[in-house]
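Trainee: These are the residues of each chain, in order.
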Amino acid sequence: MTTHYLTWLLAIPAASALVVLLVPRSWDVAIKRFSIGAMLVELIVSLRLVLADYSDAGYRFVEHVAWVESFGISYKVGVDGISLWLVVLTTLLSPIALYASWGSIKTGIKGYALSFLLLELGMLGAFVALDLFLFYVFWELMLVPMYLIIGIWGGKDRVYAAVKFFLYTMVGSLLMLVAILYVVASYEKLAGHYTFDLQELSSLVLPASQQYLLFGAFALAFAIKVPMFPFHTWLPDAHVQAPTGGSVILAAVLLKLGIYGFIRFAMPLFPVASQTIGPVLAGLGVVGIIYGAYAAWVQRDLKKLVAYSSVSHMGFILLGLFAMNRNGISGAILQMINHGISTGALFLLVGVIYDRRHSRKLDDFGGLAKVMPWYTLFFVVITLSSIGLPGTNGFVGEFMILAGSFLSRTAIGFGSSWFIMTLLATTGVIFAAVYMLHAVLRIFWGKIVHPENESLTDLNRREVASLLPLIVMVFWIGLYPKFFLDKMNPSVDAFVTDFTVRYYEGRRTGEPRLVDFEELEQRIEAAGGLAMAEPTHEDAQ
Amino acid sequence: MHVEAPQQILLLLIILFPLGGAIINGLLGRYMAKGLVTLVGVGSVALSFALAVVSFVELYGLRHESETATLVYHFYEWFSLKLPSGNVVAVNVRFVMDSLSGVMTLIVTGVGGLIHLYSIGYMGDDEGYPRFMSFLNLFMASMLILVLGSSMPVMFVGWEGVGLCSYLLIGFWFENRDYAAAGRKAFVVNRIGDFGVLIGMFILVGVAGSFEFADINSAAMAGEFRPDFPVWLLGVAPSLATVACVFLFLGCTGKSAQIPLYIWLPDAMAGPTPVSALIHAATMVTAGVYLCCRLSPLFITSDVAMSIIAVTGTLTALLAASIAVVQREMKKILAYSTVSQLGFMFAAVGVGAFAAGFFHVFTHAFFKACLFLGAGSVMHAVHAHGDADIFKLGGLRKALPITRLTFLASCLAIAGFPLTSGFFSKDEILLGAAAQIFRPDDMLMTSVGWFTLIGLTLAAVMTAFYMFRLYFLTFTGEYRSADQSGDHPYDAHPHESPPAMTIPLVVLAVGALTVGFLGLPHVVPIIGTHLSDYSWWGHWMEASVAGQPVPEQMYIVNLASGLAFGAMAIGISAAWVLYRNKSTDALAEKMPARLYQLAFDKWRVDELYAATIVNPIKNVAVVAGRADMTFVDAVMTKLPSFNVREAGRILARLQNGVVHVYGAVVVVGVVAVLAWFWTPHSRIEAAFEGTRVELTTPQGLGYEYRWDANSDGEFETQWKGTPGTTFEYGHDDMRGIAVFLKNTHSGIEHRIDVTDEWMPLPIESVVPAEFLSPRDTGFEVRIDGEFLLFRKAHARTKLSGMKEIRLPMGKSGRLGPARVSSRPLVEATLEVRNAFGNTRRATKEIALPFGFEAPTHASLTRPAHEVVR
Amino acid sequence: MGIGTYLALASVLFGVGAAGFLARRNMLIQLMSIELMLNSVNVLLLAFNRVNPSNHDGQVFAFFVIAVAAAEAALGLAILIAYYRVTKTLNTDDATLLKY
Amino acid sequence: MTGPSVTLFVVTATFAMIGALITISARRPLRGAMGLLVNIVSLAGMFLTLNAHLLAALQLLVYAGAIVVLFVFVIMLLGSAAEVAPADGRFASRTLGIASTIIVFLAVSSSVAYFDAPWEAVPDGFGTVEGLGMAIYRQALVPFEVISITLLVAIIGAITVARSPTE
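Residue numbers (my numbering), protein chains in the order written: chain B, 432 to 972; chain C, 25 to 893; chain W, 90 to 189; chain V, 22 to 188.
Read the hints as simulated data drawn from the structure, not as lab findings. Wrong hints could be hidden among the right ones.
Said to hold, decoys possible - Examples of chain B residues toward chain C, derived with CB under 10 Å:
(1) Leu471
(2) Ile475
(3) His663
(4) Trp665
(5) Phe837
(6) Leu838
(7) Thr858
(8) Val871
(9) Phe875
(10) Lys878
(11) Trp907
(12) Tyr911
(13) Lys913
(14) Asp924
(15) Phe948
C-beta: ideal position from N, C-alpha, C; glycine also.
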C-alpha cells in the first residue's frame, strides 16, 4: 500500500457511506462521530499527497486499472500540482461543513451524513479522475447528494431551488457527455481503438471548426457550474435554500469543479477554441465581477449577498484562467482555494446567526459587535480576506490574477482589450469593499435596535473549532503563499507550454489527426523553446 | 543588483513589536489589567522607536562611507510572478531603510509614540481601551511596513493596512452608526485610490521587470518609461511614465486626501482625537507624498503627470483652505487644514521639489499632531464629545496654559512665522514653484509654476488666517460656555489635562518650533549668504530623492520668501483684527451670505458626488439586483422551462388514450420505414492517398454496388456487396478546375467560381474584413489554361516588381491570411441496388488535391473557362 | 412457385391482422388480431429458413415467437378480465386512462 | 431441389385467409375464435410444406390447444358481455381504415411476391424434433431458459392481474 493513496481517498468515503447506510437510523451520535472521523482520516490521507515532490509537471500517485476494456474505459486517477490543493480543500472543508451542520440539522442525521460522504466521494473523484468517463461518473455523482441536501434539509423554497440546481447543472453536463463521446469516437477513427483516457485523448488534434462546438459543449457545462454570468441564477436560490453545510460545500468546492474542468479538460483538448473564445469568457467573467458586486450590494438577505459575492469572485478566477499565463492560472487556482476558504467561512458565519435568530435579513441585525465580540472579530477577518486585503489570502490570488490578465501573453504586453478588462476587473476590488463593508455595517455597527438581539450568545466551542482552521488558512496563504504556489507552479508552467504547443498544432491542421505532443515538446525544447516553434501558418505546398 | 549588506534584523523588529502588541492587546486585552494593556501598547511602540533611532544612527554612520548606503533586511520570498519575457519576478518581503524611509520611520515611531502616550490619558476611561491600543499598534505596524517595504507589493500591504486601521479607528465608537459609516466611506474612497495603485504597479512591473523601488527608479532613469503607452487612450499618446504616474497619483489622492478623493478625511474626524492626530494628520495621509518621493525618478520623467499633480495639489490647497476659513468646529477646521497642507506637499512634488515636499511632511507631522492633540486637550477639558464648536469656547488661555502655549506655537509654525519649522518648509515649496516659472523654453511648466506659486500664496494667506481665527476664538476673550446656557453647553469649569497628555504636547510644540533648522535654505533671502553646507535636509535626501535643482538666483529666492512672509503677515493681521477677543464670526457678516453658506457647506462637493456618482451607481446596483431575479432569471430559467412545459402540453394532446390511434401511428411509422427501404440510398465519399482516390459509400443492408469512377458511362466494377473501390484518375477524366479559398485559422473553405476574365478574389468571404490588412486584399484572379493567375488590382506592378503569379493546377499558395488552391475536378458515379431490386444512381463532383501531369500527346481539348463551373 | 408467394401471403395475413387490430373495438378480437400478426411472422421466418436450410435459426426464432405469443395471450387475457372487472365492457374506446 | 407442394400450399393459404378474415370481421367473439382456429390449423399445414414438422406440431399444440382454448374460456366466462356493440356513425372511417391498411400490405405483398430464391435440398433432420431440438439446446440455450422464465413470469403476472382485488 505504498502509493494507493488516491484509491484510499475514494474508498474511505464510499466504505463509510456503506457503513452509515447499514447502521440503524436511531444511532445519531454514533453516526455523527463516525462520519466526521472518516472525513478526518480522509484529511490525513490527503495531507500525505502534499508531501510528494511536485517540482516537475506530471501526475503523481497514478493508478490505472482497466474497467470496461472494449470501450477503453478505465479507472485512472492521479494528482498534479493543479488538482492537489483542490483535493486538500475538499478534504478540509468537508469535515468542517459537516461538523458545523450539527448545530442546525436535527432530523435525518443518517441521510445527511450519508449525503455528505457521497458528496465528498463525488468531488474527490472528479478532482482526481484522469479518465473522461470516470470524471463524468463522479461529476454526476456529486449532483445527487447535493440535490438531496438542498431538497430535504433546505429552507422554505428548497424544492424549487433543488430542482433548479439539478436541472441547470444537468443540461450542461449532458451536452458535455455528447462532446466527450464525439471526442472518443474521433479518436477511435484515427487510432483504431476506443479510449477515455485523458492522456491518450490529448494526442488528438481536431480541426478548429469542430473544436468550437465541442469546446462550447464543455464550456457550457463548466460555465454553469462556475457559475459564469449569465448562467448564475441558480446559485442565489440554491445558496439561500441550502442548509449551512450545503452552502459551504457548494460555494467552497462544487463551484471550483467548473474551473477545474476548464483547466483539466476543455482547454487542453480544444486549445484553438479556448484561445479564441477564452477572451470572451474572460470578458463575461469581468461582467460577472461587476454585476455580481452590484447585485450583492443591494441584497437584503445576507446569504444572498454572499452568494452574489461568489459570482463576483468567480469572475476573477475566470479572468485569470483565460489570461493563459502562469500568473493568471496560478492565481486562479490559488484564488479557488481562497474563495473556498473565505466564502466557506462566510457561509459558516451566516449559519451562526441564522441558528440563533432564524433570520438572515440585514434589517434584523445591527450592533452585534456589542454582544458578540468574537463573532465580530471572525466575521471582520473573513470579510477582509474576501475583499482581498493584503496579508490575507484574497490579496495574493487577486493580485496574481490581475497581474496575469494585465500581462497576458495573448496580448503581448498590454493589449487593449486585456488592459480594459483588467481596469474593469480591478474596480471589482472597490465594489467588494462596498458590499462587504455594507453588510458589516448593517450587522455589527450601530446600536442594537432589535431587543431580541441583546441576548445573543457569542460563538460556542463547536463554531470556533470549525472556523479556526479557516482563519489559520487565511493568514497562512496570505503571508506565505509560496508554499502553495511552489507545488502548483511547475504543473502550471507545463500546462501553459503544452497549451501553446497544442494551440499552434491545432491551428495548423484542417483534418483530425494524432500528434505525439510529448515528443513534439521535446523537439521544441531542443530547438530553443517556444519562440522557435511558433509556426508561420502553412507553408505553400 | 543591490549590494547585499548584512541582514538588519532590527528593521524587522521595528515592525514586529507594534504588531505583536496589536495581537496581544487585540486578543487578550479584554482580560488584562489596564496597566498591562498600557505597557504592551505604549511599550511596544517605545521599543520600536528606540530601535528606529538605533537603526537611523547606524544608517547615518554608513552614509559617511557610501552616499547610497542602505540598511536591508530580507525576510522571505512572498510569491513570484512570471513576466511575458519569461523572467520570474520574486516578490520579496524585504525591508529597506534609506535616507527617505529612515526619516519617515522616525516620524512615525516618534510622533506615534507620543500620541500613544497621549492616548493613555485621553482614552484611558473608555471601555474599548484595549481595542483602541490594539488598533493603534496595528496601525503603527502597517505604517512601518508601508515605509520600510522595499517593493511595491510590500508597501501595498502597509498601504491597505493603514486604510484598514483608519476604517477601524474612525468607526471606533461603532455604536454611533454615522461614525461607522464615516469609516466605511474612508475605506471605500481609499480603495478607489488603491485601484490606481494596483494598475500603476502592474505598469511598473511590466516595464521595469521588477517591483523593487530601486529597480524601478533605475529603469526610470534609464529612460525605459519614455516610450508611448501602447494602448490607445482617448486619442492621445501619453508616455508609459505618464500613465503609470497618473494611476499611482490616483492612489495618492485617495490616501492623501486630494481632489477628487479628499472627501473622506473631514468625515474621518469621527474617530477619537489621537486617531485624527496620528493617522489623519501626521502619518497615514502623508503616505501619498511618501510614495511620490519614493518614485521621484519616475515621476520626474513625465512633465504631464507632474503638471497634473502640481495643479491638483494647488487646487486642493485652495479649496480646503477656503472651506476651513468658515468652519465652526475645531477638528473640522484642522481636518481641512490638513487637506490644504497636503495640497501644499503635492504642489511641491508637482513642481519637482520633492525634498521640499517631504520636508513639509516632516514639519507638518509635528505641528499638526500638536494642533490635533491640543484640540483634544481642549475637548477633554470642556468634556466635548466628537467635536467642539469654537464659538462656544473662548478665553481658555487661563484654564489651559500649557495647551494654549503649545497650540500657539503650532499655529505660528503652520502659518509660517519666521524661523519656525513651517516657515522653512513652506518657503522651500514656494521656492520650488518659483523655480518652475523661470525654467526656460517650457510653456507647460512655466504656466504650471505661475499657477502654483499664486495659488499657494493665496492658500498660505488663508492658512494663517483660519489658524489664528481658531486660536483667537478658542483661547482669547471670555469663556462663552461659562453661563451654562445654549443648546449643548460645555463644561463650565475647564481644567488642564493630565501630564500624559501635556508632555506629548510640549514635545511636539518644541519640535514644531525647532525642526525647521534641519532644512535651512541653501541661500538666505535678502542677505544672499550661501548655506549649502548647513542644509542638512537637502543633502540627506539627495541619495534617495530626485528633483529639480534648487535655484540659487537671488531674485527667485527673494520672490519666494517675500511671498511666504507676506502671506503669513496678511493672514495673521486679518485674524487679529477680526477675531482677537471677539465672540462672533466677523467674516460671516462681511461675506455675502450665500457665498458664506456655500463655503460653510464645503462647496457642497459631497452632495455633488452623491448626485453625480454615488447615486447613479447605487441605482444601477438596485436595477442589477432586481433585474437578476426578474430579467436574467426569466431569460435563463423561466423561459426554457416555460418552453418545455408548453411543448409538453402540446405533445400531451397526442396522448389521447385511444388504443387505435396509437396503433395507427405505429402503422404510419412502419409504412414510413418501408418507404425508406424501398429504394437504396447512398452518397459518395472520397479519400485521397497519393494520386489514388479511394471512393467509398456507407454500407447498406443487402445493397450491391457498381462504380463508374470517371463517369464515362462504362462501369469499371461489377455488382458486388462491398461498397468501396479505388481509382486513379488521369488527365482525360478532368472536367475542369475549381478554386478554393480557405481560412487557415478556422478551416472554413469556400469554392470560388472563376472565369478567364479578371475578377476580384473575394478573400472577405473566408476571412472577416476586420482581420485583413490592406496588403491582404485587392487580389484579382483568372484562369489561364491549366493555371490560375493572380495579380494585385491597381497593382503598381512595375514599381513594386510584383508580377502576375501563376498557380499550377493541384497546387496551393498563401494570399495573406487565406490559402488559395486550384484543384482539378472529376466526377464519380455509383449505382446501388437493394434487396427489392430497385436501383439508384449517385454522382459526385470531386475536387482532387493534386494536379495531373499534362499529357504529352494533347492539351485540354476545350478552353478552360468553358468547363469551369 | 417461389419464396415470394410465402412472403406475399405473410404480408397479407399481417395486414389483415393489423387491420383487425385497428378497426375493431372489441378487445378480444384485437387480441386475436395480434395472434394473427404473430403467426404471419412465423410464416416468414420459416420460409426464409427453408431457403437457407443449413441451420435452424428461423425455426428457433419461430419457436420463441410461439412461446412469447403464449405468454402474451395469457397476460393479455388476464388484463382483459381485470379491465372488464373495472369497466364492465370490452370496448377499447372507453379505455382512455392512458390519456395525458 | 424439389420445392414445397403447391397443392398443399394453395389449400392451406386459402383457408388461412378465410380464417383470418372471419376472425377480424366476426361480430361475435366466439365466431372470431373459430376463425382463428381455422387460420392456425391451416398455417400448421403450411408449415409442413416448409419442412417444419416440429413447429407444425407445436402450432397445433400451443395455439390451437392452448391459446384458442383460453380465448374460448374467456368468452364463456364473460358470456354476452364479450360482445361489443358497433360504434355509431363511424362506419365510413372504419371501412376506409381497414381498406387502406390492407391496400398497403397488398402493395407490399405484390412487391415481394416475385422474390425468388432456389429451393435447396433439405438436409437430413431439418425441422425434425431432433434437428430443431439440437439447435435450440446447443445454440440457443440461454434464450431458451430466458423464455422459460418469461413464461413463468407471465403466468404469475396473469394470476396477479386477473385475481379479483377482494381475494
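Trainee: Each hint needs a verdict: does it hold in this structure or not?
Mentor: These are the hints, each one checked on the structure:
1. Leu471: 27 Å, violated
2. Ile475: 27 Å, violated
3. His663: 8 Å, holds
4. Trp665: Because about 7 Å separates Trp665(B) from the closest Cβ in chain C, which is inside the 10 Å limit, the hint holds.
5. Phe837: For Phe837(B), the interface hint holds, since the closest Cβ of chain C sits about 4 Å away, which is under 10 Å.
6. Leu838: Hint on Leu838(B): holds, closest Cβ of chain C at ~6 Å, below 10 Å.
7. Thr858: This interface hint holds because 6 Å falls under the 10 Å limit.
8. Val871: 8 Å, holds
9. Phe875: 7 Å, holds
10. Lys878: Holds. Min distance 5 Å.
11. Trp907: 13 Å, violated
12. Tyr911: 7 Å, holds
13. Lys913: Constraint on Lys913(B) satisfied, holds at 6 Å.
14. Asp924: For Asp924(B), the interface hint holds, since the closest Cβ of chain C sits about 8 Å away, which is under 10 Å.
15. Phe948: Since chain C brings no Cβ nearer than about 20 Å to Phe948(B), farther than 10 Å, the hint is violated.
Checked against the numbered hints given earlier, the structure breaks hints 1, 2, 11 and 15 and satisfies all the rest.
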